[in-house]
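K.L.:
Full structure from sequences and hints, please.
Quick note: the sequence shown uses our numbering, first residue 411, plus one each step.
Hints are not guaranteed to be accurate.
[As the list claims (entries may be wrong)] Between beta-carbon pairs, the in silico distance windows are:
1) K510 <-> A593: 16 to 26 Å
2) E531 <-> S653: 36 to 46 Å
3) E625 <-> T490: 34 to 44 Å
4) D475 <-> E611: 36 to 46 Å
5) K462 <-> S607: 34 to 44 Å
[What the hints assert, rightly or not] Below, in silico cross-link-like pairs of lysine to aspartate or glutamate (EDC-like), each with a Cα-Cα straight-line distance of 20 Å or less:
6) K485 <-> E585
7) K547 <-> E525
8) K547 <-> D488
9) K662 <-> D637
10) K626 <-> E525
11) K500 <-> E525
Quick caveat, the hints were computed from the structure, so don't treat them as lab data. The C-beta atom is built at its ideal place from N, Cα and C for all residues, glycine as well.
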Amino acid sequence: MKKILYIVLAVPVFIILVWFFAVPGELLREKMEEAISGAGEGNISASIKGFKKGLFFSIHADSLDLAIDKTPTLKITDVTGYIDLRQLIKLQLAFSIEGKLGGGNITGLLKYPSEGEIKLEKAELNAVPYLAEIGIKGGGHLSGEIRLKDNNARLTFQIPDLAAREASVMIPFLESFHKAQGAFSINGNNVKIDSISLEGEKGYARLKGDITNGEKNLNLELMPSMDKLNSLESMLIGKYIVSPGYYIVPIK
Numbered sequence: 411m412k413k414i415l416y417i418v419l420a421v422p423v424f425i426i427l428v429w430f431f432a433v434p435g436e437l438l439r440e441k442m443e444e445a446i447s448g449a450g451e452g453n454i455s456a457s458i459k460g461f462k463k464g465l466f467f468s469i470h471a472d473s474l475d476l477a478i479d480k481t482p483t484l485k486i487t488d489v490t491g492y493i494d495l496r497q498l499i500k501l502q503l504a505f506s507i508e509g510k511l512g513g514g515n516i517t518g519l520l521k522y523p524s525e526g527e528i529k530l531e532k533a534e535l536n537a538v539p540y541l542a543e544i545g546i547k548g549g550g551h552l553s554g555e556i557r558l559k560d561n562n563a564r565l566t567f568q569i570p571d572l573a574a575r576e577a578s579v580m581i582p583f584l585e586s587f588h589k590a591q592g593a594f595s596i597n598g599n600n601v602k603i604d605s606i607s608l609e610g611e612k613g614y615a616r617l618k619g620d621i622t623n624g625e626k627n628l629n630l631e632l633m634p635s636m637d638k639l640n641s642l643e644s645m646l647i648g649k650y651i652v653s654p655g656y657y658i659v660p661i662k
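P.N.:
Put into C-alpha cells, the structure is as follows:
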C-alpha cells in the first residue's frame, strides 16, 4: 500500500521536475511564436518578450507582439497561460493564454504548429494599430476575434463607440460615424476586406476590396442622409453618384 502511495505521490513530482528542468523555456517560447506565425513564407509574425515558466505548466510573459506584413498589429501585455492538458491528451501541443490589450482583456488558444484563436474584449482602438492601415483611426473600444490557420488569418470586430478622427483613406464626413463593425482576412501578402461598415447620424458607409503588396484596391459605398449633409459635403461626393442616395468612392 505504501509503495502505491509513494508512486502516486512521485508521479506528479516527477512531472513537475521534468517541466522545470527538462523542458527549456526558450523552446516553449519558440513553439508559441510558431503557433501564431505559422510555417512557410507567411506574413504573420509574433514576438514574445520576458518569457518565463511558472508552476503547474504555467507560463508568463511581459508582452506578445503580433505583426502583419511587418506592420505592428497589436501588443498584448501581462501575458499568462498554461499548456492545455486536454489538448495534450489528444497529442496536440496547445497553449491557453490571457492578457491585457489597451485596457481590455484578451484570451486565446494557440495550437502548434500553426493554428489559433484569439478573442478581444473592450480593447482601446489605438491598441490595435493595424486598423489604421485599413482606414480606421480614432478612439473607441473594440471587441472581436482573430482566427489563425497556417499562413491565413481572419479578423472580425465591432466598435460600438467609435470616435473617428482621421483615416489613411479618404472617407467623407468621417467624424459623423460612431459605430463600426467588419471582417477581413489575410492570406500571404493579400488583405481581403469582406466588409467594414460605418454608421452615424449622416448615414451609412461600407468599405470593401483588397490590399495586395501594400497596393489598395478598395471601394467605399456611401448611403448618406442627404438632408443632413452640408453643401460642401454634398459637392464632394457628387461626382461619385451611382443612383439617387447611393455613391461609390474608389480608393487606390
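K.L.:
Each of the hints needs a verdict: does it hold here or not?
P.N.:
Hint by hint, here is what the structure shows:
no., hint, result
1, K510 <-> A593: 16 to 26 Å, "24 Å, holds"
2, E531 <-> S653: 36 to 46 Å, "40 Å, holds"
3, E625 <-> T490: 34 to 44 Å, "40 Å, holds"
4, D475 <-> E611: 36 to 46 Å, "37 Å, holds"
5, K462 <-> S607: 34 to 44 Å, "42 Å, holds"
6, K485 <-> E585, "26 Å, violated"
7, K547 <-> E525, "29 Å, violated"
8, K547 <-> D488, "25 Å, violated"
9, K662 <-> D637, "29 Å, violated"
10, K626 <-> E525, "28 Å, violated"
11, K500 <-> E525, "15 Å, holds"
Hints 6, 7, 8, 9 and 10 from the earlier list are contradicted by this structure; the remaining hints agree with it.
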